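Please assemble the complex out of the two chains, which come individually in their own frames, going by the hints.
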Amino acid sequence: MSVNKESFLPEPNFLTSPKGLKSWLLTLDHKRIGLMYLFAIMFFFMIGGIFAVLIRLELLQIGETIMSADTYNRMFTLHGAIMIFLFIIPAIPAAMGNIMLPIMLGAKDVAFPRLNLASWYIYIGGSLFAIYSMAHGAVDTGWTFYTPYSTSTNGAVISMTLGVFIIGFSSILTGLNFIVTIHKLRLPGMTWFKMPLFIWGLYATAIIQVLATPVLAITLILLILERTLGIGIFDPAMGGDPVLFQHFFWFYSHPAVYIMILPGMGIISEMVAVFSHKRIFGYKAIAFSSLGIAFLSFLVWGHHMFTSGQSEYAAMIFSFLTFMVGIPSGIKTFNWLATLFRGSITFEAPMLYVFAFLFLFTIGGLTGIFLGALPVDIHLHDTYFVVAHFHYVMMGGTVMAFLGGIHYWWPKIWGRMYSEAWARVAWVLIFVGFNMTFFTQFLLGTKGMPRRYFDYLPQFEGMHGFSSVGSLVLGAGFIVMAFYLIHAIFKGRLAGDNPWGALTLEWQTSSPPPPENFLKDPVFTHGPYDYDTVDVQRTV
Amino acid sequence: MSEIAATNHPTHLQHHFSEMAQQNDSAKLGMWIFLLTEILTFGGLFVAYAVYRAWNPDMFLMAHKALDVQMGALNTVVLILSSVTMALGIRAIQLDNPKQSVRFLVITIGFAVMFLVVKYFEYAHKFHVGQLPGKFYTYTGIEGTNPHIFFSIYFMMTGLHALHILIGIGLLSWVIRKTRQNIFSSQYYAPVENVGLFWHLVDMIWIFLFPLFYLIG
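Same order as they appear, the protein sequences are chains A and B. Position 209 (the first sequence) corresponds to 209 in the working numbering; numbering is contiguous. If you want the working numbering, it's the position in the second sequence, counting the first as 1, plus 1000.
Bear in mind the hints are in silico, worked out from the structure with no lab data behind them. These numbers come from a predicted model, not from an experiment.
Going by beta-carbon spacing under 10 Å, a handful of chain B positions derived as facing chain A:
id, residue
1, Q1023
2, L1029
3, G1030
4, F1042
5, A1048
6, P1133
7, F1136
8, Y1137
9, T1145
10, S1152
11, F1155
12, M1156
Listed next, the stretches of chain B that the computed footprint assigns to chain A, with coverage defined by at least 3 CB atoms under 8 Å from CB atoms of chain A:
id, region
13, 1010-1022
14, 1032-1038
Label-pair ranges, simulated between beta-carbon atoms:
id, chain 1, residue 1, chain 2, residue 2, range
15, B, F1136, A, M316, 37 to 47 Å
16, A, H526, B, I1167, 45 to 55 Å
17, B, A1050, A, D382, 21 to 31 Å
Quick reminder that beta carbons are idealized off the backbone N, C-alpha and C, glycines included.
Only chain B is shown next, with the shape it has when bound in the complex (with noise of 0.2 Å):
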C-alpha cells in the first residue's frame, strides 16, 4: 500500500495510520497477539503430553530411550546458534547495514536447514523400526502398554514444530529478498524483527520440546 503515500509521508507509512512510530508498534503488537495463537495451538498438545505422561509415567519412561540425545542436543545448539545469528541481522538492519543483515539471515537459514536434515536422519530411523504413532507403531522393542501413544505425540510434537521451521525459512528468505532490494533500513525493519519473533518463538518451543521428550525419565 506504499503507492498511496501522500506527500511528506515516510514511502512506508501506509494511508491510515499518522506516524512510522504507530505502524511499527502496531505491526509488533500484532505479531505478540500472533506469537500467543501459536503458543496456545502448541499448548493443546502440551496437556496432551502431560495428561497421558501422567497416565503412564513407565511407558514413557521406556520409550523415551528409544530417541537419541546426541542428535536432540545437537539441534538444540544448531536452533540457539541461529537465534543468535538472527538477532545479530535485524541489529545489522538497525544500523543501516544490510548486507551484513542479508549474511547473517543466510546463515540462519542455514542452521534452519541442518537441524531439518538432524529432523530427517531421525525421523527415517524411527520410520525404518517402525516407531511410528498409533496404529502404524509396529516397533516391539519397548515395554509398557500403549508405546505408540508416546510416538503419536512425540510425531505431532516435533512435526508441527519442524513445520514452523519450514514456515520460518520461508519468511527468512522473503525478508533477505526484501532487504537485498533496500526496502529496509534502520527508518522501516519492523517486518524484519516481526520474522525474528517468530523464529525465537520456534526455538523456545524446541528448547521445551528438547527436555520434554529427550531427557526427562
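Only chain A is shown next, with the shape it has when bound in the complex (with noise of 0.2 Å):
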C-alpha cells in the first residue's frame, strides 16, 4: 500500500483549494456538498446499523435479553425511520448523485448550486430534529407512524415527523435540481440517448422525489395537526378515517421505495459494463425501464394495505399493478446478465458488489412478487417474511449497489486505490452475513412468526438465533470495510485519473476531479459505453 505513499495528489482538486471549514461549510462545489451528504449519511447508517444489531441481540434468545419491550418498540421505530429518512433516500441520490453527476454530464456544477447547499443545510435541520427525538421519549409507532396510534401514544412522535418532513424538502430541493441539470447543463454533443445510465437512473429518482415527497409532507403535517389541536381528519372517534392515512403515507412511501433502487440500478448498469468490458446490452431498454418503473410506483401503493379492509376490487387492481413492476425489473436484470455474457469480466471490488445486488435482488424482487399476490400476501402479511423481502431490496439491492459506486468512485474522490484484498474480505463477511441474517428471516415468516414482536414461541428460537449471529458477521464486515476505506484516504496509493479502464467523463478528468470538474472544457467524443471502438487504457 505505500509504494507511492511520497507522490501527491494532482493540484488543484476540490479537496484541498479552497482550504478552511468555511471554504466547506459555505462552499456551492457540488462535489463537496456531495461529500458533506455522504459524511453525514454515513453517520446515520452507522447509528441505524448500531439499532438493528442491538434488535438483534435482544432476540437473540427468549425472553427479555438486553432491553425491556418498551425500549424495543422504539429501537426498531428508529432503525426504521433512520435508514429509511436518513440514510437510504438520500444515500444514492444526494451522496453519490451530488459528487458525480455534474461530471458525468460535463458541466460545472449543477443547475442550482446555492439551492444545492440549502438542502444539505434543510438535511442537517431535519435530523436535528430526529435526533432531539431520540432523547426525548423516541417514538414507538414503527417507522410507518399509523394512526390512530401515532396520535395517541407518548413519545416525541411531533419532533420526530417534523424532522421527516423538513428531511423531505432536502429530497425534493435535490430532485428538482438533478431535472434541470440533466435537462440544461448536458455537453453539447450528449443527447439524451449518450447520457450515462447511472443519470437515467437519477433521473427517474428525481422525477418521483418532486412528485411524491410533496403528499408525504402534507400527510405529515396532517398528523401533526391531528395530534395537536385534533382535527378530526384521521380519528374514527371524529368522522374521520385512519386508513386514509395509510393511503396518503403509502402513496408517498412506495414510491419511495424506488427512489430508494432506481439511482441503485443506474450505478449497477455503470459497474456491470466497466467490469465487463464490454459495451452496455440494451441501453434503451434499461433506460425506459427507469422510467416505467418510475412510472408504476405511483400505482401500487395499496398493496401495503391487503388486509386493512379497502375494497377487493381496489385489491385486485393493486395486485395486477404490482406484477406489472416484475416487467422493468426483469428487463433490466436480464440485461445486465446479457452484458455480462461474453465479456471479458474481472472482479474487482465493484464487481462482486455487482454480483452481490444481482443475487440478492433478484430473491427481493421475486418474494415481492409473492407478497404481491392476494392470497399469499393475507398469509405472509406483517410477518418475517416481509422483513425479510424488503432487506433484500433495500440492503440487498440498493446498499449493495451503493457500496459497490462508493467502491467505484472512491478512488475518483480521494484520488487514492483501497486494499482489493481487505475488500473481498468484507465483501465476504457481508454477502454471508447478509444472507445468514436474512434468507433465515423468509422461513421464519412462512413459519408464521409476525415481524416487530419483542419475543417468540420457543420453535422459532434457533432461526433467530442463527439470523442475530448473522447480523454480527454483517457488521464485521462493515467495520473492516471502514477501516480500510478510511486508510485508503491518507495512505492508499494514487489511482490516476481511470483505474478502471472506463468511459464515462468523470474519469477523464483528475482524481480528485479539480473545482470547476475539469481543467480543459471536455469535448463529447464518444459515448459512454463505446468499448467496442475506443481504446482506453487502466492508470493502475
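Okay, structure coming up:
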C-alpha cells in the first residue's frame, strides 16, 4: 500500500482548494456538498446499524435479553426511520449523485448550486429534530407512523415527524436540481441516449422525489395537526378515517422505495459494463425501464394495505399493477446478464457488489411478487417474510449498489486506492452475514413469526439465534470496510485518472477532480459504453 | 455568485452556465417543477376534501352555507386583479421600465394585503361563533354528522393558501427591492418572472378553493 506514499495528489483539486472549514461549510461546489452529505449519511447509517444489531441481540434468546419491550419498540422504530429517511433515500442521489452527476454530464456544477447547499442544511436541520426526538422519549410507532396509534401514544412523535417533513424538502430540492441539470447542462453532443445510465436512474428518481415527497409533507402536517389540535381527519371517533392516513402515507412511501432502488440500478448499469469491458446490452431498454418503474411506482401503493379493509376490487387492481413492476425490473436484470455474457469480466471490488446485487435483488424482487399476490399476502402480511423481502431489496439491492458505487468512485473522489484484498474480506463477511441474517427470516415468516414482536415461541429460537449471529458477521464486514476505506484516504496508493479503464466523463478528469470539474473544457467524442470502438488504458 | 463572472460575461451569468439563455431556461424550468410540488402538496388536501365530501354530502351542503359567498367572491376578484398587475409588472421590466414595474408590484402587494384583511374578517367571525376545526368546534347551528370535519378541511386549505399569500408578499418585497437597485432589466428578469409564476399559482389555487367551498352545494 505504501508504494507511492510520498507522491502527491494532482493540484488543484476540490479537496484542498480552497482550504479551511468555512470554505467547506459555505461551499457551492457540488462535489463538496455531496461529500458532506456522504459523511452525514454514513453517520446515520452507523447509528441505524447499531440499532439493528441491538434489535438482533435482543432477539438472540427468548424473553428479555438486553432491553425492555418498550425500549425494543423504540429501537425498531428508530432503526427503520433512520435507515429510510436519513440514510437510504438521500444515500445515492444526494451523496453519490451530487458528486458524480455534473461531472458525468461534463458540466461545471448542478443548475442551482445555492439550492444544493441549502438542501444539505435542510437535511441537517431535519436530522437535528430526529435526534431531539430520540433524546426525548423517541417514537414507538414503527417508521410508518400509522394513526390512530401515532396520535395517541406517548413519546416525541411530533419532533420526529417534523424532522422527516423537513428532510423531505431536502429531497425535493435535490430532485428538482437534478432534473434541471440533466435537461439544461449536458455537454454539447451528449444527447439523451448518450447519457450514462446512472444519469437515467437519477432522472427517474428525481421525478419521483419531486412528485411524491410533497404528499408525504402534507400527510405529516395533517398528522401533526391531528395530534396537536385534534382536527379529526384521521380519527374515527370524530368521523375521520385512519385508513386514509395509510393511503396518503403509502402514496409517498411506495414510490419512495423506488427513490431508493432506481439510482442503485443506475450504478449497477455503470459497473456491469465497465467490469465486463463491453458495451452495455439494451441501453434504451434499461433507460426506459427506469422511467417505466417510476411511472408504475405511483399506482401500486395499495399493496401495502391488502389487509386494511380497502375494497376488494381495488386490491385486485393493485395486485395486478404490482406484478407489472416485475416487467421493467426483469428487463433490467436480463440486460445486465446479457452484458456479462461473453464480456471479459474482471472481479474487482465494485464488480463483486454487482454480483451480490444481482443475486440478492433477484431474490428480493421475486419474493415481492409473492407478496403482491393477494392470497399469499394474507398469510404473509406483517410476518418476518416481509421483513426479509424488503431487506433483500433495500439492503441486498440498494445498499449493495451503494457499496459498489463507493468502491467504484472512491479512487475518483480521493485520488487513492483502497486495499483490494481487504475489500474482498469485507465483501465475503457482508455477503455471508447478510444471507445468514435475512434468508433465515424468510423461513421464520412462512412459519408464522410476526414482525416487530419483542418475544417469540420456543420453536423459533434456533432460527432467531442464527439470524442474530448473522447480523454480527454483517456488522464485522462493515467495520472492516470502514477501516480500509478510511485508510485509503490517507495512505492509499495513487489511483490516477482512470483506474478502471472506464469511458464515462468523470474518468477523463483528474482524481480528485479540480474545483470546476475539468481543467480543460471536455469534448464529447464517444458514448459512455463504446468499449468496442474506443481503446482505453487503465492508470493502475 | 455574480462576483465570479469572468471577462466578457454578462453581469448576472453564473459561472457554470455558458450563456444567459441557458441560465434563464434553467431558472424557469426549476420554477415550474417547484410549482408541481406545490400542486401535489395541495393535492393531498384536495383528495381529503373529495373523500369527506363523498362520504358526507349532506353535511357539506349544510356546512358550506356558513361561509360568506360575498366575501369569497370579493377575494376572488381581488386575486384576479393582483394577477393582472403582476403580469403588467413583468411586462414593464421586460420593456426596461423599472419604475413602472415597481409601481405594479406594489399594487400587487396591496391586493394581497386586501385579500388577507378580508380573510381575517372571515376567520374572526368563525372563531367568534365556534365554527372551528376538529375538537374546537362548538357551533350548534349546522345539521348533519361531524360538521367539524368540513371546517378542519376548510381551515387547512385556506390556511395553507393564506400562508402562500404571505410568502408571496415576502417574495414580491424582495423583487421590489432588487428592482429599485436596478438589478433587473430586459436582459435579466428571470427572478421577477419566477415570482410571477408563483403568484399566479397561488391565485389559481384560490380559483379552485372558492367554488369548492363557497359555491357548490
